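From just these sequences and the hints, can you work out the full model?
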Amino acid sequence: MRRILYLVLIMLALGILAVLGGLVHAPTLGQGAARFSLPWFGNRVATAQTPAPTSTAVSTPTASAAASVTATFSPTVSRTVVVSPTETTFEVARPAPAASLVPATPTPSSPPASPTVVRWPQLALTPFVSGLRSPVQITHAGDGSERIFVVQQTGQIRIIQDGALHAEPFLDLADRVSCCGERGLLSVAFPPDYAARGHFYVDYTSRSGDTVVSRFGLTADPGVADPTSEEIILTIPQPYANHNGGQLAFGTNDGYLYIGMGDGGSAGDPDNRGQNPAELLGKLLRVDVAAGVSPYAIPATNPFTQTAGYQGEIWALGLRNPWRFTFDRANGDLYIADVGQNEYEEVDHQPAASRGGENYGWRIMEGTHCYKASDCDSVELILPVAEYDHSQGCSVTGGVVYRGSQFDRLAGTYLYGDYRSGRIWGLRQSGAGWANQLLLRTAFNISAFGEDEAGEIYATDYAGGKIYRIADQS
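Be aware that the sequence shown starts at 71, since it is given in the numbering used here, and climbs by one per residue.
Check before you lean on any hint, since a few could be wrong.
Derived lysine to aspartate or glutamate pairs resembling EDC-like cross-links, with alpha carbons at most 20 Å apart [claimed, not checked]: (1) Lys536 <-> Asp522; (2) Lys536 <-> Glu238; (3) Lys442 <-> Glu413; (4) Lys536 <-> Asp232; (5) Lys442 <-> Asp459.
Simulated restraints, written as ranges between beta carbons of each label pair [stated by the list, open to error]: (6) Ala378 <-> Ala237: 52 to 62 Å; (7) Arg277 <-> Gln476: 37 to 47 Å; (8) Ala348 <-> Asp291: 37 to 47 Å; (9) Ala234 <-> Ser475: 19 to 29 Å; (10) Gln476 <-> Pro421: 25 to 35 Å; (11) Ala290 <-> Cys440: 51 to 61 Å; (12) Cys440 <-> Gly474: 35 to 45 Å.
Because the hints were derived from the structure by calculation, they are not lab data. Here the structure is a predicted model, which means the values were calculated and not measured. For each residue, glycine too, the CB sits at the ideal point set by N, CA and C.
In structure tokens, the structure reads:
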């Protein structure tokens, strides 16, 4: 019996050794992974491998050649995430017979992109001047006088000097201006060499309802303009009473006069003027009023001077009602606030290096959304860098970029607001993206933002006839 028992034990031991030998000689797990590169947020690495006898390296291009991907720019976003389109590596193994997955060694990579945290200011509005009637613009002449000029929609330009409002208007055009609603005296612009030239430009609605851009000179008193000196530069017929646009501004880098035109009015741009290159309505125009040619010259560098069917004055198109645009005095970048139709308000940005020709989308799109369509072609369009829906306001008022010296946290921030809701937002470039934040709620009808010669910023309360100075109290 003992011999039989010994034989059984020996046989069992030999069987166990055979099984173990088979396991020892099984294929090594994790051999020969195939490599695929996919676009992703950051440089994280995910790895999964299965056994394979051979490996092949395969690389697919990134899905987009865009410079960056940013977080959404809803005005409620308090932080932006800027991520470069770096490739994330996945280890994808070839299939092999009967094997289990085991962790593989990650491919070395750089750490994930970190969020760019923007330090936002805490805005405060301080009463500055009262006694105005329907103020719609704040600006300065850049002549070293430190005067602030305020446009009243009713037809007057008022001067504020040393914090006091002059009793006598700088200019009164009430006898030729149609007011109000969206009509009236809407803008004044002083050329870069105003101190030497002694003339300036205004945009107003005539008694017949047309847009008029005119040049005026001064009297012997530099604090009083001559209303009889008018030289009409441009007249544009307006088919309806709304969407006049009305902003004038000289380019920071080129010195040309830019003219903002609405789409002609009514609702929904019924004649599609914003996209019609034969029309000046729904466009941003650029003309040379210093070339010595009457009434103006069209710059040779305008984008459509050699394009059949296009008006040469057009610098950009696809605008509904640009209610205030501004040039950043530090770099020449252009910001355009375009009032929306039924759902969205938007802010567009044009870098200083632009050669013009941008199409900002109206009436194909309203903000970043197709207008009255479930789908639309946006390939050739420039989409806004910020938008908000009508739960937060329904009439955007464009502002200015803070370049003053008193509030460091405001530096480089584009401030804009909403006429109806009284909200004020801040918009700032952050890396390759944009950060946007609601900064203040007010009870004012904000019709304009403006800056003085030192770069300090102000806002108007249209209904209250007041101007407030904007400060950072953080």
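Here is what the structure says about each hint:
no. : hint                          : verdict
1   : Lys536 <-> Asp522             : 16 Å, holds
2   : Lys536 <-> Glu238             : 17 Å, holds
3   : Lys442 <-> Glu413             : 11 Å, holds
4   : Lys536 <-> Asp232             : 16 Å, holds
5   : Lys442 <-> Asp459             : 15 Å, holds
6   : Ala378 <-> Ala237: 52 to 62 Å : 54 Å, holds
7   : Arg277 <-> Gln476: 37 to 47 Å : 43 Å, holds
8   : Ala348 <-> Asp291: 37 to 47 Å : 44 Å, holds
9   : Ala234 <-> Ser475: 19 to 29 Å : 23 Å, holds
10  : Gln476 <-> Pro421: 25 to 35 Å : 27 Å, holds
11  : Ala290 <-> Cys440: 51 to 61 Å : 57 Å, holds
12  : Cys440 <-> Gly474: 35 to 45 Å : 40 Å, holds
Violation of the numbered hints given earlier is absent; every hint is satisfied by the structure.
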